[in-house]
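Participant: Count the sequence shown with the numbering used here and you get residues 35 to 115, in order.
One thing to keep in mind: the hints can contain errors.
Taking CB as the label site, the calculated pair distances span [stated by the list, open to error]:
1. VAL73 with ASP53: 34 to 42 angstroms
2. ASP42 with ALA98: 14 to 22 angstroms
3. ALA98 with HIS61: 15 to 23 angstroms
4. GLY103 with PRO74: 17 to 25 angstroms
5. ALA114 with ILE76: 20 to 28 angstroms
6. ARG87 with ASP42: 39 to 47 angstroms
7. HIS65 with GLU107: 36 to 44 angstroms
8. THR105 with GLY68: 27 to 35 angstroms
9. GLY106 with LEU50: 24 to 32 angstroms
10. ASP109 with ARG87: 20 to 28 angstroms
11. HIS108 with LEU38: 15 to 23 angstroms
12. ILE76 with ASP109: 36 to 44 angstroms
I should point out that these hints are in silico values taken from the structure, not numbers from a laboratory.
Note that CB positions come from ideal geometry on N, CA and C, so glycine has one too.
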Amino acid sequence: MSILGSDDDAEATVVLLSDSPEHLTAHGRSHRSGHDRAVPEIGDEVAVARALRRLADQLLETAADDIEGITGEHDVSLRAR
Numbered sequence: 035m036s037i038l039g040s041d042d043d044a045e046a047t048v049v050l051l052s053d054s055p056e057h058l059t060a061h062g063r064s065h066r067s068g069h070d071r072a073v074p075e076i077g078d079e080v081a082v083a084r085a086l087r088r089l090a091d092q093l094l095e096t097a098a099d100d101i102e103g104i105t106g107e108h109d110v111s112l113r114a115r
């Protein structure tokens, strides 16, 4: 996980390393509204949460693709619960 931030903006990148030949990478951003106090930690948390949510979506999509490949089913849909 990498976080770059300032008082107004934050960017986070998360990478999942696994035995799979492909690693999954996701990004998240946040921007402080002009009427909010500058609390950089909150911006970092929001950016990381958004990146992790995107990574989770990628993992669900990868799992659905794997299920389709193994079972021959089509349009497998996995939902976050």
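Participant: Now tell me if each hint is right for this structure.
Facilitator: Each hint tested on the structure:
| no. | hint | in the structure |
| --- | --- | --- |
| 1 | VAL73 with ASP53: 34 to 42 angstroms | 39 angstroms, holds |
| 2 | ASP42 with ALA98: 14 to 22 angstroms | 37 angstroms, violated |
| 3 | ALA98 with HIS61: 15 to 23 angstroms | 22 angstroms, holds |
| 4 | GLY103 with PRO74: 17 to 25 angstroms | 43 angstroms, violated |
| 5 | ALA114 with ILE76: 20 to 28 angstroms | 23 angstroms, holds |
| 6 | ARG87 with ASP42: 39 to 47 angstroms | 22 angstroms, violated |
| 7 | HIS65 with GLU107: 36 to 44 angstroms | 41 angstroms, holds |
| 8 | THR105 with GLY68: 27 to 35 angstroms | 51 angstroms, violated |
| 9 | GLY106 with LEU50: 24 to 32 angstroms | 27 angstroms, holds |
| 10 | ASP109 with ARG87: 20 to 28 angstroms | 23 angstroms, holds |
| 11 | HIS108 with LEU38: 15 to 23 angstroms | 40 angstroms, violated |
| 12 | ILE76 with ASP109: 36 to 44 angstroms | 39 angstroms, holds |
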